[in-house]
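Protein chains in written order, with the numbering used here: chain A, 1 to 490; chain B, 1 to 490; chain C, 1 to 490; chain D, 1 to 490.
Below, a list of computed lysine-lysine pairs in the BS3-like style, where the Cα atoms sit at most 27 Å apart:
no.	chain 1	residue 1	chain 2	residue 2
1	A	K422	A	K126
2	C	K202	C	K158
3	D	K233	D	K158
4	C	K233	C	K158
5	B	K233	D	K233
6	C	K233	A	K233
Rather than coming from a laboratory, the hints here were simulated on the basis of the structure.
From a predicted model like this one, the values you see are computed outputs, not experimental measurements.
4 protein chains.
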Amino acid sequence: MRLDSIRSPSHFLRQRAGPISCESVLKDYEGWWEREGRAISATVDRAGTPWVRMFDAAGRRVDEILYPADYRRMLLEGYRAGVIWRAFKENSLLPSLSLLYVTSFYDCGVTCPYGVSLSTAVPLSKCGAPAVRERFLPKLLREDEEVWQGATWMTEIKGGSDLGAGVETTAVPDGGAWRLTGDKYFSSNAGAELAVVAARPKGAPPGVRGLALFLVPRRRENGELNYTIRRLKDKIATRSVPTGEVELRASEGYLLGGPEEGIYLILEVLNISRVANSFGSVALAQRAIADAAQYAETRVAFGRPVIEHPMLQRQFEERIENLRAAFALAWEAGFLLNEVWRERRPYSDRYHLFRLVAHLAKYWTAEFAVQTAKWCMEVHGGVGVLEEFGAERLLREAMILAIWEGTAHRQLLDALEVIERKQAHRLLLRHLESGEPIPELRELAAAIDAHLKLPPEQREREWEPLGARLASSVAGALSLREQASSKSTR
Amino acid sequence: MRLDSIRSPSHFLRQRAGPISCESVLKDYEGWWEREGRAISATVDRAGTPWVRMFDAAGRRVDEILYPADYRRMLLEGYRAGVIWRAFKENSLLPSLSLLYVTSFYDCGVTCPYGVSLSTAVPLSKCGAPAVRERFLPKLLREDEEVWQGATWMTEIKGGSDLGAGVETTAVPDGGAWRLTGDKYFSSNAGAELAVVAARPKGAPPGVRGLALFLVPRRRENGELNYTIRRLKDKIATRSVPTGEVELRASEGYLLGGPEEGIYLILEVLNISRVANSFGSVALAQRAIADAAQYAETRVAFGRPVIEHPMLQRQFEERIENLRAAFALAWEAGFLLNEVWRERRPYSDRYHLFRLVAHLAKYWTAEFAVQTAKWCMEVHGGVGVLEEFGAERLLREAMILAIWEGTAHRQLLDALEVIERKQAHRLLLRHLESGEPIPELRELAAAIDAHLKLPPEQREREWEPLGARLASSVAGALSLREQASSKSTR
Amino acid sequence: MRLDSIRSPSHFLRQRAGPISCESVLKDYEGWWEREGRAISATVDRAGTPWVRMFDAAGRRVDEILYPADYRRMLLEGYRAGVIWRAFKENSLLPSLSLLYVTSFYDCGVTCPYGVSLSTAVPLSKCGAPAVRERFLPKLLREDEEVWQGATWMTEIKGGSDLGAGVETTAVPDGGAWRLTGDKYFSSNAGAELAVVAARPKGAPPGVRGLALFLVPRRRENGELNYTIRRLKDKIATRSVPTGEVELRASEGYLLGGPEEGIYLILEVLNISRVANSFGSVALAQRAIADAAQYAETRVAFGRPVIEHPMLQRQFEERIENLRAAFALAWEAGFLLNEVWRERRPYSDRYHLFRLVAHLAKYWTAEFAVQTAKWCMEVHGGVGVLEEFGAERLLREAMILAIWEGTAHRQLLDALEVIERKQAHRLLLRHLESGEPIPELRELAAAIDAHLKLPPEQREREWEPLGARLASSVAGALSLREQASSKSTR
Amino acid sequence: MRLDSIRSPSHFLRQRAGPISCESVLKDYEGWWEREGRAISATVDRAGTPWVRMFDAAGRRVDEILYPADYRRMLLEGYRAGVIWRAFKENSLLPSLSLLYVTSFYDCGVTCPYGVSLSTAVPLSKCGAPAVRERFLPKLLREDEEVWQGATWMTEIKGGSDLGAGVETTAVPDGGAWRLTGDKYFSSNAGAELAVVAARPKGAPPGVRGLALFLVPRRRENGELNYTIRRLKDKIATRSVPTGEVELRASEGYLLGGPEEGIYLILEVLNISRVANSFGSVALAQRAIADAAQYAETRVAFGRPVIEHPMLQRQFEERIENLRAAFALAWEAGFLLNEVWRERRPYSDRYHLFRLVAHLAKYWTAEFAVQTAKWCMEVHGGVGVLEEFGAERLLREAMILAIWEGTAHRQLLDALEVIERKQAHRLLLRHLESGEPIPELRELAAAIDAHLKLPPEQREREWEPLGARLASSVAGALSLREQASSKSTR
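Isolated chain A, as found in the complex (with noise of 0.2 Å):
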C-alpha cells in the first residue's frame, strides 16, 4: 500500500490534479500548516465557540469576535497566500480551490471564511456597479493583513432551503443605495467586513422570483456598526469560522445584479461555496486515512501493527481508491465552475453541466467526508472517542460539511430538478463519453430517463438510490479517465 501521497494533501493533489500552477506556493503553505497552523487549529477547536464582545467597557456597542491570540495569524496565512487575490489575478479559480483543498487537510473551519470571501468577491466583481466595486473589491483582493474578510447570509429562522418562504429580510431605497431590515439566523463568518445578503426589496413579487442580493459593509459610510451580532452559535466543530445571528437594522446595503436576476445570483453564490465545500470534504477524508494509518502503523496487536492486519489492509485500499473517485468528481466540479464562473444569464449547457455535477459533488464528498471521518474512529479504537487525541474531531467537522450548503437530500432534489429542466444528466453523458461509450453510464442514463416518466411526488420519493448511484458511477468514471489520463502523461 503506497501511503506516502496520502499525508501530503499539496502532494496528493499534485498527484491526482496534475501540474497545478501555484506548486510551489501550496508546498510553502503547507509547510506553515505542519510547523504552526496544525497546533493553532487544535487551540481553536478546544477553546470552542469564539466568543463576541458586544460593548467595550464604556457602554459603547463594538460586537468584536475574540478568539485564541494565534487565530488571526492562521486566518491570514492563507489570504496572504492568495486563496482570494489569485482567482482575480491569474483568473481562475483553480489556485484558490488548490489552497482551500490543503487548508481543510488541516482545519476545515477556515476554508469558510475563505470560502464565502471568495463567493462575495466574485458576485461583487461580475454584478456590482462600477462605483461600488471600485469601492469594496480592492478591499478583499488585499494580499496583506488589512485584507477584507466577506460572508454570504440568506438563512433566516425558518429555515435555508426554502428561500423564497424563509427570506423576511426586507430592503428599501435609500438614495443611491438600500436599506435593509431583518434577522440572519445562520450567519457565517458574522463579523466580516463584507457581506452578501438575501433580502426582498419593498414591493417585489413573493418566492425566489422577488429575492434580490445585496453587499452589505460591516461599517456604514460615517463609521458606525452596520449589523449587529446578537450571538454567536455553539456548533460542535468548525470552530474556526464564527458562525452567528446577525441582525440588520436599517443597515446600509448595495444591490448587486438586476432585481430580477437575484436568485440566480444567490444561486451562484451558493454553488461556490458548494465547490468549495467539496473540496473541503474530500482533504478532510484524505486527512482522516493519514491519521488513521499513523495510528495503525504503531498499534500492534496479534504481534504486528494493525495496519498489517489483512481486513483493515482492505479497508485502507478501498479507502484510497474511494478517496481517488471523490477527489476526482470534486475536481471534476471545481474544473467546470472555472469554465462558467464569469457567466451571466442566460446560462450555456456548460453551466447546468456544472450545476449538476456541483450538486452530486456536494453530495457525494461529504458523505464519503463522514464515513471515512467515522472509520477513522473506529481504527483507533478506545483512543478515537477520547477529546485527548483529536480522532473524534474529524466526525465533529465532517458532519457540518454535510449540512451546511445544503444537505444531501437537498442536493439530490436540486440535482434532480436540473435534470428534469435541463436534461443535464445527459449533459453529463456526453461530457464524460468524450467519443468512447461507457455502457454503465448509459444504461443509468436510460435509468434516469425512465424515473423522470413517473408522477413528481414517486419520482423524488424514489430518487435517492438513483442519485446515488449516478454520483457514484460519475465519480468512478471521471476516476478512470484521470487514472488513463495521469499514466499516458507520466
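Could you slot chains B, C and D onto chain A? The hints should help.
Structure of chains B, C and D alone, referenced to chain A:
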C-alpha cells in the same frame, strides 16, 4: 406512517418482544425519565467529564467521583427498578435487558454501569467461592440506595483486542486471597465498589490461556482504598459513566473460577456487555428516529412539514423497518444469552450459537445506531450541528457504542472464528429455519462454507462483506419471523 | 473559642437576634441545605453562567433560562419556606430576612432572586392600581411551585449610580397601560415573570425627577413574550441568579404610584435590596469563618492543628467579634426597614434614620464579607486557591455583594447626603443612646458636624475615613447593646 | 494626578529605581507585551488550567504539558530577554528582577517559571558538584529557545509551612547520584527540565535538619522520564504556570551542597522566590491602578468622568503613594538579595537583614496587591465582576501571590524568628537610618524589644499588629529616602 410506538421505548419493546414480565415497571421507569431523567441526563452531558477528587482538604487520598448534584438520583432509579436484582430474583435476564433498553433510549451512558454491574454479578454468582459470594453478591443485589456497583476492567495500555499480549497486571497469592498489581487503561465505571479484573497469576503461561479473572473491591478489608484512579478520561459522550485509568497496587483480589477458566470467564463477561450494548444501540436508534420525527413534524418548507416531503417520508419508513430488524437481532441475542448464561464449560452448541449471534448483533446494531444518529442530525439541518438542541449528542453516544466492547472489525473476526471452530453458521441456519428452509440463508451458508476454504490471510481479508451480509440477513429473517408471530398472536 | 454557633446560620441568628417567629421553619430550611442544597449550589457554580435558549428548534423565540437540572428545586425551597409570602402573611419582613440569612450562608446567588422578588412585591402591594395588584400580587405570594418571581431592572449601559442620566428607557401611555422601550444592561433575575423597571414617561423632565417605576410582566396579555433577553452575563459568581441584558420593545407596563413618585419608589426598592445584601454579606462572612475553622481543625503543622496556633487563634477571635458587630448592624437595618417599609411620602424621621443605617450596613458588611473571605482562603493556604475545594468561591461571591446595589463609594456618598439633608447622624445618635450617652458616638457626631461645614468638593473628598469610622462605631455600639440585652434576658 | 508613569512598568521602574543597566531591553520587552503578549496572556487565562497529555496514542507515557498554541512564544520572550542568563552574565540579579517586574505587570503567572528557574540556577551554580554544574547549568542559561526551565519542589501533601514534618520524600545513594522517591503536592512549573527538590537522605535525622536539596532532571541519563506528573491542579489564576502533583519513583537526583546544608539551601531558594513574588505583587498593583484609571477616565457619571469625583481622586492619590512605598520595600529586598545571594554559611549580618526585609516585603506587597486589585474591581462597578472585561482576573492573580511562597501568617512568624534570633530589627534600624535617626522607627524598635520579652505563646499571638506596623513603617521610610534621593539626583 405510524410513529406513535417509536416515541416510547417501552411501547416499542412490548410491541416487538411481546408480553414481558415487568411491563408496568418499565412504564413507570419510562415515566420517571420523561419527568426528571431527561433533564438530568442533559445536565450530565453538558457538564462534561465528571471529575475526581483525589485528596480531601486534609490531604487524605479519597478518589471520589464528583458529578452534578442530580446524577446519583438518576443512577439509582435503574438499580431500584431492578436492572440487576431482577435477573436473580426472577431468574431471567430479560427484565434487566428490557430495563437497559428503556434506559438507553434516554441515556446510553447510564446503561454502562448497569451493564457492567450485571457482568460483575453473573460470574460472581456462578464461580465465586461461597464465602466470597456471600460477602459480596448481596451488596450488588440490594434494591435500595446502598446498592453496590460493579465494573469490568480488562484493557490495559497496549489495547483491548489482544488480551493475551495486552494484560500485564499480575496476581500473587496472599493467604486465601490474591494481590494484584498493574494499570487498567480503560476502566469503565471507575469508582465502582466491586470490579472483575483480568490478571495473570504469577507463574501462569503467557497468552490468553494464562489469564485469570479476579474480583477486586474498592476497599480493602481494613477499610483502605484498594485501588486508585489515576485520572478520568475526557470521552466525547457517555459522560454518565466515569471511565478512568485505575491503578492496582497489591490490591486485594479474589479468584473467580479455576485458574484455567480465566479466559472463558472473561469472554462470558464480555458477551453480556455486548448484548447490553446491542440493546443500547437499538434504543438509541429508536430515539434518533423519534427525535427526527418530532423535528420534521414542526419544520415547514415549501408549504408543508418536511416529514411529508416524499424523499424524507421514504427515509423514515426505511429507518423504521431497519429498526425492527435491528431490534429482532438484539432481542435474539438477549434471548439466547438468557438460555446459556448459567452454563459452564464444556459449553453446549446453544452457547456457540449465542456467541455468533452476539457478535453479529453487537456489530450490526452499533452500525445502525451510528448511521441513524447521523441521519437524525441531517434531518435537523443546521440546527443539527448546534450544541443547543441536542441532536448532535446522539451521534457522539453512538460512536462510543460502536467502539467499546470491540469495534466492528473485532466482532466480525470473532464471528468468523466461532464459525471456523464450531460451524456456528450451520447452527444458526438450523435455529432460524425451524422446519421451513429459507433460501437466502441457505445460499449464504454455502457461500460461507466456500469462504472457509480460502487460505487464512485471504479468508480474513475478504470476510467483511460476507459477514455484513450474514448480519443483515439474520436480522431480516428474525424480523420476518417476529412479524409473522405477532400477526398470528394478535 | 466557641465555634459551634458559627457553624449553623439559624443557630447564630437565634443567638444574636433573639427569639424569631419562624424558628422551626429556619431549622428545617437549614436542614434541607445541608442535605441537598450544598451539592446543588456547588453544581450551579461549577456549571458557570446559565445559558439562555433563545429559539426553540422550530424557530420560535422563547428566551428560556437553562440550568443544571436540580436548580429549580433549590430555588423553590426558599419560596415555599416563605421568603416572600411570609412578609405579607405575617405582616413583617423579619422572617423573610431571616430566611435570606440562612440562604446566603449556603448560596449568596439565590438570595438575589428572593431579594428582588421581595422588592417587586412591596411596591406592587403599596402603589399598584387595585386591578394591577389583584392581577399580579397573588402570583408572587403563592406558596407552591407555581410562584412567580420578581426582578428590579434599573441600570442601563451608562451605569447605575447616576440614574437620572443613565435611564434612557422611555414609556408612552397606551390605553390604561404603558409601552416601554429601552435596554436594561444589568438585569438580575432575567427571565422573571414580573419586573419593576425604571423608565421615563414621554414628556417627563430630565434627571431623576422625571423617572417613574413600572411593572413589566414576562408575557403580554396575549401570551407573547413581553421582553427579550439579549444575553446573559458571565459573572464571576452568584451564578444561581441569571443576570442579563433585557430588551424592552413596546413592552406592556403598568405605572406604580404617581408619576412624580418614581424616584422615591426606585429608592425604596433599592433600600430593600441593600438590606437583603447586608444580610447576605454577614451570612457569607459567617460561612467563611465556619469553613476556615473546619479546615484549621484538621490541618496539622508543628505538631498541632493550626487552629491552635496563637496568631491564628487571635484572628479567629477577632473575626467572630467583628462578625457579631456586622450582624448587629445588618439586623438593625432590617429592624428599621420593618418599621418603615409601608411608609409613603412624606417620610418620617424614622425613614431617614433607616436610610442612613441601610447605607452604612450595605457598605460595612460587604467590606467585612470580602475581607473575611480573603482571610478564609489564606487560612486554607495552597488549597485555598484550588477550584477543587471551594474556598475561593466565597471571595468571588463576596466581591459581587460588595459591588452590586452600589459600591462602597456610592453608599458612603448616599450616607453623606442623608446626613447633609436630614441630619440623619443626629437621628442615629439619639436612636443609639436611648437615654445613656455614648461618648465615642458623641464625639463622632461632632466631627461630622464640623465636616459638614467644609466646602462641597472637600467634604466629599475627605468623607471616606469619617464615614468608615461612623459605620464601625455604630456596628460596635449595636453589638454592645445586643450583648447587654442578651445577657439580661438569658 | 500624574498617571502617565503608572501605565508603563518600565517607566515606573526607571523612575523609582533609578538608572538600570538593561533599560532598552526592558522597553523592548514591554513593547512586545503590548503588541502580542497581552492577547496571549488573556487566551491562557481564559483557556483555564493547561492539560497534561499522559500517554501518546501509542501508549507511551509522555507527560507533556499542553497549552494554547502561542504560550511557548510568550514564555520564551522573557528567557530570551535574559531573565535568567543576565543574572550570571552581568553578575547581578537586578536586571532579572527588573524583567520580572515588567513580566508581572502583564502576566503574574509567567513570573513563576522565571522565578523558579532562577531559584534553580542559583544553588546549582553555588553548590553543584563541578560535573553536575557543567552538565546542567549551561542549559538553564541558554539565550535561545532550547533553554531549559527550572522548578522548586518542596511541599508535600501535609503542607509546606512545616517542612520538617511535611517532607516524606526519601533519597538513597546510588553510585555518584541518588534515587528519590516521594510525592510532591504543589509542584510549580511541573514539566520543567530541571528541579530542585527537598528530600530526606536515608538515615538522616528527623525534622528540618535532616533535609537535603537535590537536583532532579526531567529525563534520566538513558532518556527515560525521571518523574511523572500525576495531574495538574485547577488553580483560580496564574494559569500561565502549570502547577501539578509530581511523583518521584527512584528518580535520579544530584545532591546540592553538603547534607547538613540542606535546610539552609532550601531557605535560600525560597528567599529568591519571595523576592520575585514581591516584585510581582507590586507590578500587579501598578497594573490594577493603571486599569482602574483607564476605566475611570472613560466612565462618566453626574456630568464628569468618575476619575474626577473627589472621593475617587483621593483614593487614586493614596493608592499611588502606597504603590511607591510598596515598590521601595520590594526593591530594597531585591537590592539586599543582590548583595548576599552568593553567600554561604556562616551568613553575615547583611544576610539576616535581608531575610527580615524579604519577609516583610513578601507579606506587605502581596497584601497591597490584593487590596488594590479588589479596589480596581470596585472602581469598575458592575463591569468589574464580569469575566468579559478582565478586571476580576487581577484579584485572582493577587490572591495566589498572597498565598504561595508562604501566607502573611508565615512571613510574619518568620520575620519574628529572625528578629528573635538575630536581632534583625536592630540591623534594619541601623540600615535605614544611615546616620540620621528616624523617630518613628526608633519607637517601633523599642516596642519590638519589649514585645520580645513576652512569653512565647503571647509573643506569637500578639505579634501581627506590630509586624504590620513594622512593614508599613519600613516601606514608608524607604519611600521617603528614595524620593529624597531621586529629588537630589534629578
